[in-house]
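All chains, please: the whole structure from these sequences, using the hints.
FYI, the numbering for the sequence shown is 1 to 721, going by the UniProt record's numbering.
No wet-lab data here; the hints were simulated from the structure.
Careful: at least some of the hints might be erroneous.
What the hints assert, rightly or not - Calculated lysine to aspartate or glutamate pairs in the DMTMM-like style (CA-CA distance at most 25 Å, straight line):
id, residue 1, residue 2
1, K616, D703
2, K401, D703
3, K695, E678
4, K157, E123
5, K29, D39
6, K614, D626
7, K133, E99
8, K29, E123
9, K628, E575
10, K695, E99
11, K596, E575
12, K58, D17
13, K58, E99
14, K614, E569
15, K616, E674
16, K695, D411
17, K319, E370
18, K596, D690
19, K27, D703
20, K133, E123
21, K27, D150
22, K695, E623
23, K204, D150
24, K596, D626
25, K58, E123
26, K156, D195
27, K695, E575
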Amino acid sequence: MLYFQQAANCLSLTENDTDRLALLEFKAKIVHDPHGIFDSWNDSVNFCEWRGVTCGHKHRRVSSLNLRGLSLLGSISPYIRNLTFLRFLNFANNRFHGEIPQEIGHLFRLRHLNLRNNSFGGEIPGNISYCSKLRIINFEANSLVGEIPDQLGSLKKLVTLFLGVNNLTGRIPLSIGNLSSLKKFSAPFNKLEGDVPNELGLLKSLRFFGIGANYLTGTIPATLYNISSIIAFSAPANQLNGSLPANIGNTLPNLQRFGIGANQFHGSIPISFTNASQLKRLDISGNIFTGGVPINLGNLQALQWLNLEFNLLGRNTSKDLSFIKSLSNCSNLVVLYFDANNFGGQLPSFIGNLSNLQELGIGSNHISGEIPEEIGNLINLYILGLEKNLFSSTIPVSLGKLYQLQLLYLDANILSGQIPPSLGSPELQLPACPEQNKKRNRSSSTVIILATTISSFLFFLTITSFYVFRRRIIRMNQPSSSLTMNKLPKRLHIATDVSSALYYLHEHCETPVIHCDLKPSNILLDDDMTARIGDFGLARLLSQSTNDSSQGQTSSFGIKGTIGYMAPEYGMGSEATAQGDVYSFGIILLEMFTGKRPTDEEFTDGLNLHEFVKAKFPGRVMEAVDPKLITREDAEAGENIDDDDGGGQTGIEEDIVKRENMTQEEGNVQNCIESVLEIGLACSAAVPTDRMSMKDVTRNLSDIMDTSLRFKTPQVDNHHQ
Numbered sequence: 001m002l003y004f005q006q007a008a009n010c011l012s013l014t015e016n017d018t019d020r021l022a023l024l025e026f027k028a029k030i031v032h033d034p035h036g037i038f039d040s041w042n043d044s045v046n047f048c049e050w051r052g053v054t055c056g057h058k059h060r061r062v063s064s065l066n067l068r069g070l071s072l073l074g075s076i077s078p079y080i081r082n083l084t085f086l087r088f089l090n091f092a093n094n095r096f097h098g099e100i101p102q103e104i105g106h107l108f109r110l111r112h113l114n115l116r117n118n119s120f121g122g123e124i125p126g127n128i129s130y131c132s133k134l135r136i137i138n139f140e141a142n143s144l145v146g147e148i149p150d151q152l153g154s155l156k157k158l159v160t161l162f163l164g165v166n167n168l169t170g171r172i173p174l175s176i177g178n179l180s181s182l183k184k185f186s187a188p189f190n191k192l193e194g195d196v197p198n199e200l201g202l203l204k205s206l207r208f209f210g211i212g213a214n215y216l217t218g219t220i221p222a223t224l225y226n227i228s229s230i231i232a233f234s235a236p237a238n239q240l241n242g243s244l245p246a247n248i249g250n251t252l253p254n255l256q257r258f259g260i261g262a263n264q265f266h267g268s269i270p271i272s273f274t275n276a277s278q279l280k281r282l283d284i285s286g287n288i289f290t291g292g293v294p295i296n297l298g299n300l301q302a303l304q305w306l307n308l309e310f311n312l313l314g315r316n317t318s319k320d321l322s323f324i325k326s327l328s329n330c331s332n333l334v335v336l337y338f339d340a341n342n343f344g345g346q347l348p349s350f351i352g353n354l355s356n357l358q359e360l361g362i363g364s365n366h367i368s369g370e371i372p373e374e375i376g377n378l379i380n381l382y383i384l385g386l387e388k389n390l391f392s393s394t395i396p397v398s399l400g401k402l403y404q405l406q407l408l409y410l411d412a413n414i415l416s417g418q419i420p421p422s423l424g425s426p427e428l429q430l431p432a433c434p435e436q437n438k439k440r441n442r443s444s445s446t447v448i449i450l451a452t453t454i455s456s457f458l459f460f461l462t463i464t465s466f467y468v469f470r471r472r473i474i475r476m477n478q479p480s481s482s483l484t485m486n487k488l489p490k491r492l493h494i495a496t497d498v499s500s501a502l503y504y505l506h507e508h509c510e511t512p513v514i515h516c517d518l519k520p521s522n523i524l525l526d527d528d529m530t531a532r533i534g535d536f537g538l539a540r541l542l543s544q545s546t547n548d549s550s551q552g553q554t555s556s557f558g559i560k561g562t563i564g565y566m567a568p569e570y571g572m573g574s575e576a577t578a579q580g581d582v583y584s585f586g587i588i589l590l591e592m593f594t595g596k597r598p599t600d601e602e603f604t605d606g607l608n609l610h611e612f613v614k615a616k617f618p619g620r621v622m623e624a625v626d627p628k629l630i631t632r633e634d635a636e637a638g639e640n641i642d643d644d645d646g647g648g649q650t651g652i653e654e655d656i657v658k659r660e661n662m663t664q665e666e667g668n669v670q671n672c673i674e675s676v677l678e679i680g681l682a683c684s685a686a687v688p689t690d691r692m693s694m695k696d697v698t699r700n701l702s703d704i705m706d707t708s709l710r711f712k713t714p715q716v717d718n719h720h721q
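Here's what the structure looks like:
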């Protein structure tokens, strides 16, 4: 008996040593460890105590390897296959490169595999299918190529499959339909082509479906519309066509978000949508829908977002806008767009009943008559677009009651008279209208076209799979705004979202794009506080004469921004560059964390927001910080981490979170803010060549969230919905 016990102990020691050696081989492949994570990986302590390593209580073998968000640079050692007890593997938000090693296929106990937001290239290893217990695969935001392996269809326990923002090609495998446990499938921003397979209709547990921004063609299979568990359906920016089933609201009763913008769908809007009583967002913009808008949409009590723009809706008759009356019942409706259609008639006075609207766009139609005075009841409006219609008479004085208004479009109508003095609001940044100067002999009947910005919101670009989101960041410390921005995690998330979007525009578009007018009012938020960039009216395509997106120039002249956010070199006639966008982002970042605008009155006599913050370094940084930003709740926010990554926590994950929270150092909030302000200063440097690239900005902000504060980046779901 003693002999067998000693033999078992020796075997256990040998197996444990295998894990230790495998971890050391993994460490050897890391070429940059900026936070000293691997300093603890030595023989002075048991490997189960190494940073990021968790062992099972019974067998003392490595069961979890969590190195998420540590800015590690390197590749994955093939010796990882020796960690045969590994169940949880999370390397998200690092700088790993090379191919995903085939050896991962030997980890037959693996349940959670997250490699999101790295630089992995090559193809997805087909032998991952040997990891038959896998529940979560997240390969988003890498540089993977090739086709989605057909073998993935054998992973019967898979719940989450995220493959978005890569360079995957080919068709969606028919075998995906075999994943009977799959709840979330997301593959936007790839180069997938062909039809959407009928076999996907077999995924009876599916809750989230995202395939936006690919090259998919054909129709959506009827069987997919019959999966009653679907909550979010996202397929924008493809080449899909066909009509929507008349009974779609009956077959998708749990639907909350439906987005098919920028496709070629046609036919009428199904009346049955009102049977999906939980529907919050309906976006069918950029298609070929015809006919009227169902008047029963007002039955959707949860509706927050309705986007019908860029279709062929309406018949240019007086009854076209009758649906607006029913929308008065949608007390949660904050965004309504039906511009660029064929609507006629007069804008009914009951538009004023949509009291919670924050954005209203009805431009580019055939709407005539007077602008109703009742529109002044929409006191929460940030955006109002009435341009390119047939509105006549004068601008109603009641518009002056819209104190939150930031963007007003009235151009290309038949308006006459004077601009009401009440429109000189600080948020619109229009001067108060002075008394008419009789010496200039102006006629009081002079036609005045009002357009407070030269760009219109006819083109919108987003790096997420839903096509159009329109909500603006208003001044961070504005007390009356319904958009509360006073929590540090939210601001970090927003800053990272915006930097990621700019990075995508500058370095990942086939033809790099320079925004040229980045400012708070052009940053859009959904109700989950996920940020996107909008209003590309001044955008420029980068010249192909250079491969350096940070230094390339355009051949366009003219306005390139807004005072306070415009790069200083533009004022001296320089061409638009990516570094100009970087400057604007830096100013926005400083504004977000100081609560001060670059145009505030205190910035005079050579003092600007950049110099104000710079003067506080070092030692007095917190004096520059928005006082609303620091609360006890922020300091404890790390305790509320949901490290789900799209599929639910395991007990291992919970142990990791608890352990890391207990070791969180005092002062991490201040360190975080200082790091963010340093990025803001580096981006807003006066000399363009001294500014950071958006790639470095994005990585640094991600590092700050994931290491300094342990704040989770926005859930993967939110990036797709």
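For each hint, the structure was consulted:
For the hint pairing K616 with D703, the CA-to-CA distance comes to about 23 Å; that is within 25 Å, so the pair holds. At most 25 Å may separate the alpha-carbon atoms for a hinted pair to count; K401 and D703 exceed this at roughly 43 Å. At most 25 Å may separate the alpha-carbon atoms for a hinted pair to count; K695 and E678 meet this at roughly 16 Å. With a CA separation close to 22 Å, the supplied pair K157 and E123 stays within the 25 Å bound.
Taking the CA atoms of K29 and D39, the gap is about 14 Å. The hint holds against a cut of 25 Å. Restraint check for K614 and D626: the C-alpha separation of about 15 Å stays at or below 25 Å, so the hint holds. For the hint pairing K133 with E99, the CA-to-CA distance comes to about 22 Å; that is within 25 Å, so the pair holds. The suggested pairing of K29 with E123 holds, with an alpha-carbon distance near 20 Å, which does not exceed 25 Å.
Restraint check: the Cα-Cα separation between K628 and E575 comes to about 38 Å, which exceeds 25 Å; the hinted pair is violated. At roughly 21 Å between alpha-carbon atoms, K695 and E99 fall within 25 Å of each other, so this suggested pair holds. Using a Cα cut-off of 25 Å, the hinted pair K596 and E575 is violated, with the two alpha carbons roughly 28 Å apart. A threshold of 25 Å between alpha carbons decides the hint, and for K58 with D17 the separation of about 16 Å falls inside it, so the pair holds.
Among the hinted pairs, K58 with E99 is inconsistent with the structure: their alpha-carbon atoms are about 33 Å apart, more than 25 Å. A C-alpha spacing of about 20 Å is found between K614 and E569, which places the hinted pair at or below 25 Å, so the restraint holds. At most 25 Å may separate the alpha-carbon atoms for a hinted pair to count; K616 and E674 meet this at roughly 10 Å. For the hint linking K695 to D411, the alpha-carbon distance of about 38 Å lies beyond 25 Å, and the restraint is violated.
For the given pair, K319 sits about 16 Å from E370 by alpha-carbon distance, which is consistent with the 25 Å threshold. A hinted pair counts as satisfied when its Cα atoms are at most 25 Å apart, and K596 with D690 qualifies at roughly 24 Å. The suggested pairing of K27 with D703 holds, with an alpha-carbon distance near 19 Å, which does not exceed 25 Å. Using a Cα cut-off of 25 Å, the hinted pair K133 and E123 holds, with the two alpha carbons roughly 21 Å apart.
Distance restraint check for K27 and D150: the Cα-Cα separation of roughly 32 Å exceeds the 25 Å cut-off, and the hinted pair is therefore not satisfied. Straight-line distance between C-alpha atoms of K695 and E623 comes to about 29 Å, which puts the hinted pair past the 25 Å bound. Pair hint K204 plus D150 holds up; C-alpha atoms about 20 Å apart against a cutoff of 25 Å. For the given pair, K596 sits about 8 Å from D626 by alpha-carbon distance, which is consistent with the 25 Å threshold.
Taken as a hint, the K58 and E123 pair is broken in the structure, with Cα atoms around 37 Å apart against an allowance of 25 Å. Restraint check for K156 and D195: the C-alpha separation of about 23 Å stays at or below 25 Å, so the hint holds. This hinted pair checks out: K695 and E575 have alpha carbons roughly 22 Å apart, not beyond 25 Å.
The structure fails hints 2, 9, 11, 13, 16, 21, 22 and 25 (numbered hints given earlier, in ascending order).
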